[in-house]
Amino acid sequence: MKGSQPRAHAATASSTLPLFPLLASHNPQTRTDAATQLITALPLSLSDPKQDPDTPYTLKRLVTGLASSNEAARQGFAVALAQLVQSLPEDNDAATVFPALIEATTSKAGMDAREERDLLFARLMGLHALVRSGVLVRPEGKASNAGENWKEVVLALVSLANKKTWIREPAYWVVCDALRALLEVDDAVAWKAETVQWAVQRLLGDAREKARGWSPEKVAIVLVLQSHGVDADYATLLAPTFPSGSLLARSSLSTLANALKGSLSSSISSDSPAGPSQGSNAVKTAKSTSAPAPGQAPHFVWQLLCDAYFPSSPFPSSRTEIADRAPFNAFWTACIDTPLFGSSSHPLKALGFNLIQLFLPRLSNPAAEIQTLFGPNALRVLHNHLKRDSAPASAAGGGKTLAKVAEKLVGSTLPSYLSQHPEAALPVLKALVSEPNSQYNAFETKVLEKIVVKLPLSAGGVRGWVAYLRSVVLSPSLLGSEEGAEAKEDEEKVVAAQRNWAFDQMLFVVRNASVEKDDELVKGLLEFLAVVGWFEVRKEGGKGARSYTPTRPLTPTHRLSARSRFFSILSALVSAPAQLGGPAWLARALGVLDTLEGDSKHFARAEAEDEEEEKEGWERLKALHASLSQSPKNGEEKELLRRATARALLEGVRLVVWDEGADEAGDVIEGAVDAVEALFPSLATSSSSSSDDEYTEEGDKPEPATILLDTLLTLLRRPSAFVKSFVGPIVLRGFADEVGEQGVELVLGVVAPEEEEEEEGEDEEMDEGEKEAGDEEDEEQSSEDEDDEDDEDDGLEVDEAFKQELLAALEAGGMAVPNAASDDEDEEMQDGEGESEEEELLDDDAMLELDERLADIFRANGGGRRSKKRDRQDDLHYRLRCLDLLDVLAHAKPASPLLTPLFVPLFNLIRTASSAVESELQTKAGKLLRFLVQPRRAASPADSVNASASAQTALDALKALHKAAANVDDVSLAPLCAQVGVALVKTVAALTPSTAQADVSRIYLASFEKYLTTKNAKTRVQPALTLEAAKRAPAALWGMVGRVVELAAGEGEKVNAFRRMQAFEVAQALVTAYANLKTAESKAGVLAALPPYRDALYTALSSSLSASTASPDFDIARLKLLAKQALAIARLTVQISSQSTAAQLWKADEWAKLIDVAKKNERFKGAVGVQTLVKQLVGVLGASVAENAAAGKAGKKEKKRKAGAADKANEGTPAKKAKQDKAAVPAPLAAAPENEVQDESVEAAEGAEADTATPSKKDKKKKRRQSAGKA
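In terms of this note's numbering, the sequence shown opens at residue 32 and continues consecutively.
If you're looking for bench data, these hints aren't it; they were derived computationally from the structure.
None of the values given here were measured: they were computed from a predicted structure.
Treat the hints with caution; some may be incorrect.
[What the hints assert, rightly or not] Pairs of lysine-lysine residues, derived as DSSO-like cross-links and limited to a Cα-Cα distance of at most 27 Å, are as follows: (1) K990 / K755; (2) K646 / K755; (3) K732 / K669; (4) K477 / K524; (5) K1062 / K1151; (6) K1114 / K1178; (7) K755 / K924; (8) K1085 / K994; (9) K958 / K1062; (10) K994 / K1046; (11) K1062 / K1049; (12) K574 / K461; (13) K1114 / K1085; (14) K1085 / K1049; (15) K1184 / K1196; (16) K1151 / K1178; (17) K182 / K195; (18) K1085 / K1046; (19) K477 / K431; (20) K990 / K900; (21) K91 / K139; (22) K755 / K653; (23) K418 / K461; (24) K900 / K755; (25) K755 / K554; (26) K554 / K461; (27) K574 / K653; (28) K1109 / K1184; (29) K461 / K435; (30) K955 / K924; (31) K1062 / K994; (32) K91 / K223; (33) K955 / K900.
Starting from the given sequences, assemble the full structure and let the hints guide the process.
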C-alpha cells in the first residue's frame, strides 16, 4: 500500500502538468476546459502534503502564474484558482489561500517597475478569484471567519487601489463585486448586518475616504449599496456634496456630473505614471495626445447607472429601485449631453458616443426615449465630425479618431439597432432633422437614407416620415428670422431649400426599393405633389388633399419643383417592376389630376390655362382615350394589348399637357390623335379620313407605325425623364411588330443624319484634289478667315425676348434706343425723338441703378446669346434619347431584316465621334451595334419578308460599309467592322443564296484589291475585314479566291511583299474554311483552286530561295510562314482527297528539289526551319526527300565512324564524354502526314546540324555505365 501511493501521485502529476500551458491559451474555451480538467484530476487536500502533494503544488503554481506577463495567463490561472478554492472540501484549507496570495504578490526591494506592475495585477486577479469563489461569504467556517476574511480582502483591494491610479478602477470594480456577493447572502446569517455596516462606514464614512473627495469609484459604491436597499443615513454620509442623500435626485445631477468627470477627486499619488488627467473614467490617452485610445470601454460606473434606469431582466430579487430618481432625460442632459458633448475635450466627446452605444440597446421604450440620446450638443458634435472637411483640420487633436467613432455610430450601430427596433427609426429621423436641436440639412442624405430604409410601413414608420415631410413643405420653419428686405430674401431662399429637400426625400421613398411602401402611400404622395404643384385649396378640409394648405405662400418656383418631383416619381414608378410599378401608374396619376380638376368647389388651378386654340384637339384626345377604354368586339389578347398601349400613349401625352400646357404641347396633341386614328381606323373621324384620301392621291401615305414614331420623336424633343420612361419601353415596345422600313428610316435619320456621310464624301474629294488646289492657297486662306468670322456670328444668335427686355430696361432708365422698333412706322416716329434723347444725360445715381438693372438682365439671360455648343449638346441628348428607340426595336425583333439599314450608319456614328461630348453617343451606339450583329438565326424567305428587296438593302449596306472602311484609321474598330461585314454577308446569303456568292465576292474583292494595290492606304481595318468574312462565310466569298491567289502571286498590279503575305493569309483562310464545309461542292471547288494556289506558293518560295541578289522578294521569317502555310494546305489536300491525288496536284518532286536549292543559296543555307518544313511537306505527299539514296547512306556510315572515334578518344574522361553525349542531338525524322507543325521542333532544328549521327547501342551502354559510376 505505501509503495503504491507514490506511483498514484506521479500519475496525477503527469496528468496535470500538461494542463498548465493550456491555462495561458488565447482561446477562452481552451482555458475553461483546462481549468475544469485540472480541478477534476486533483485529490483536493491541503492538510497532508505527504498524502496529496499535487494540490499544494497546483495552488502554488496557480498563484505564481497570476504574475505572468502573458495576455491570457492571468485570466486562465485566475479561473482555475477560483474553481480550486471553491472545490476545497475543508474550510481550513481555503482560509490559507489568502495569506499565501499576499505573500506571493508582495514586492521586494530591487524590483523594477515592470515586475512590480505584474505583482500588482497578480494580487488583483488573486483577490478577485477569492471573491468569485464564494468562500468569503460562507455562512460559517474558517473560510469566511464570520466576515473577517471578507473585510481583509476588501481592505487589501482598497489599499491596492490607492497604490497606483491606473489600477484604481479595476480594484474598485472587484470591491463592488465583493459588495454584491455580501449583499446577496441570506439575511439569516448572523454576521451579515455587522459586516455591511462596516463596509458602509469604511468605504463611505471613513475620514480618509471623505478626504479623497468624490470619484467615479465612490459613486459606484453608493449605487451598489442603494440598488440593493442597504439602510443607511445617506444624507449624512454623502454630505455636504449630496445633501439629499440620493445621487440621482434632480438636485444632485450637476454635482454627479462633476464627480463622474473626476473633477471632485484629489490626486492619490504624485509619482504615478502618465494616466487619465480627469479621473479614471476619462478615455485612456497616449502620451502627448488627447485622442481616445481605440477600443477603450467606459468606466464601469456607467454600467451601474444604466442598470439603475434600465434594469436587466430578469430583475434580481435582492435589488431594489433607487428612490428619488430623476427622469432619464434630465439625467442624460445633465450628466452626459452637457458635460461630455458640450466640452471641448475630444476624449470626453468620444466617451459620450460610447455611452450612446451603451444605453441604446437598454432602452425600455425606444420610440419615446431614443430622442433623449440625441440631445442638442450630441447632434452638434455628430454633425461637425461627420463632415468630410472636419477630420483633417482637427486630426492633431483627436478629431480624426472622433470622426471614425461618429461614422461607426451612424453607419453601423444605429442601423443595426433600428433593424431590431424599427419603431424607433422615425423618432431618430425627426431628432436628426427637426428644430430646435437640429435642422433639415444638418446631416448628409446618405445618413438619413440608411435610417429611412429601416422604417416599417406603419404610421410610426414610412407613413409618419412622409407626413413629416408634408409638414415641412406646408409649414417650413424659420426660427430666429429677422426683419428687413435682405432678411426677407434670405427667408425665401431658406423656404425654397427646405421644400426642395422635402421633395427629394419623398422621391427617395419611392425610388429606393428597400423602403417599404404600398399603392396607397405612393398615390398619396402623387396627390400631395399634384395639389402643391397645380392647385390652390379653396375650401380647407380636415383630411386628405383639402388639408394641404400651406402656411407660407407657394411661389411659381416652388410649384415647378413639386411638378418636377411628381414626374420624377411617376417615371420611377413606370420603370419599376410589376409588383409596385408599371404602365398602370400613368392612368392613376392622370386620374388624380382629373379628380382634383373636377372638384372645382375645393380646388382651383394655380395658373390659369388658355386652351382655346387647342381645345378641339384636346377634346378629341379625351374622346379617343375614352373609346380605347371600352372593350372591343373581338376580345383577342393582341388587340387588347394594342389598345392598352395606345391608352398609355394618350395618358402620357395628357400628362405632358399638364406639365407644359395645351399651347406648348399642341404639336404633341395633334400627333397623338393622328397616330391613334392611323393605328385604329375604326376610331378615326371624317376629317382624318379625308386626310387619308389626300395621302392616297399623292401616293406617299405613311404607315401607321411611322406616324406613331413621328409623334414619339416629337415627344422626345423634351428633355424629360418621364417622357423617356414611357415612349420607348411601353409605347414603342407595344407596337414594335408594326414598325416598317419607313419608321426605321425616320428614326435613323435623326440618330445618324445623312449630312455626315455627305461631308465625308466631300472630304475625300478634297483629299484627292489637294495637289490641284496649290495655286489657290492664298485665296482659300482669305475665304476661310471670312468663313470663320461668319461662323462666329452664326454661333451667337440674339434672343428676341432678351432683346425686348433689354430695350424696356433702357427706356425705363431714360435711354431709349433709336430705330429699335421693328416696324417702319415706329422707326419714323422715333427719328425725331432720338436726337433729343441722346443729348439727355443721366446723373450718377440713375446710371448706377441702370447698370444694376442691366447686369441682372444679362446674368439671368446669359447675355441674350445662345452658343452653338449648347445647340450641339441639346441635339446630342436628343439623339441619345432617339437611340433608345432603336434599342427597343432591336430587342423586340433582333433578326428582322428591317434593321439591316442601321448597321452602317451606326458604325459611321461610332467612327466619326471626335469630341468628348459625343463619347456617350459613341458608346451607346457601339453597344447597340454589337447586339445587332451578334450571331443569331438570319431571316429567310420563309419569314414572309421581301427577300430580293431585303437582300439588295443588305448589299447596299455592305457596299457602304466597305466605302466607310476605306477611311477608318483606328485599328480598334477592325473587329467591330469585320463583325458587321459578316452579319451583312450572312443576311444576303440567307435571303438570296443563288446570287449571294457573286455579289458578295465582287464587293469584298474590289475593296481588298484596292487595299493591296494602293500605296499608303488609309484604312486600318484590312485585312481583318476580309479575313473574318473568309473564315465565317467562305461560301459567299469563294468567288474571289482566284483573284486573291493572283494578287498573292504578284501578278498584274504591283503588290509589295507585306501585302502579298496578307493576300496569302486570306487565301489560306478562305480555302481552309471552305473545305471545312465538307460538302461535295466545297471539296470540288478546293481541288479546282489548288493548282494556281500551289503554283503561287511554290513560285514565292523558289524565287526567293534561288535568288542570287542580296534582296529577294521574301526574307527568312516570311519564307517560314509561307512554308508553314504550304504544309497546312498540303495536309488539307490529303484529308479531302488522297495522298496520291495530293502528290499529283502539288508536284512533290519539285518541292523535293527545292531543298537542295535552299542549301546551295549562300543567303538561305542556314534557314534550317524552312528546309525542315519543306521536308515535312514532301513527307506528307509521300515522296522521298533525298534523290541520291546511296550518297545519303555513305554519308551516314562516315558520320557513325567519326562518332565512334570520338568516343574512344574521350573514353577516359567521363565529364567530356557526358558533355559530348549532351551535345549530340538526333537528326529529325520525316514527320508523319497526320502530325502538326510544331514551332519548337523547327527552332530546335535550326540550331542543330542536319547530319548529326544517331547514337549506337554500344554508345548507349557506355553512357549508362558512366552515369552509374558518377552516382
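Indices of hints not satisfied (ascending): Of the numbered hints, 1, 13, 20, 27, 28 and 32 do not hold.
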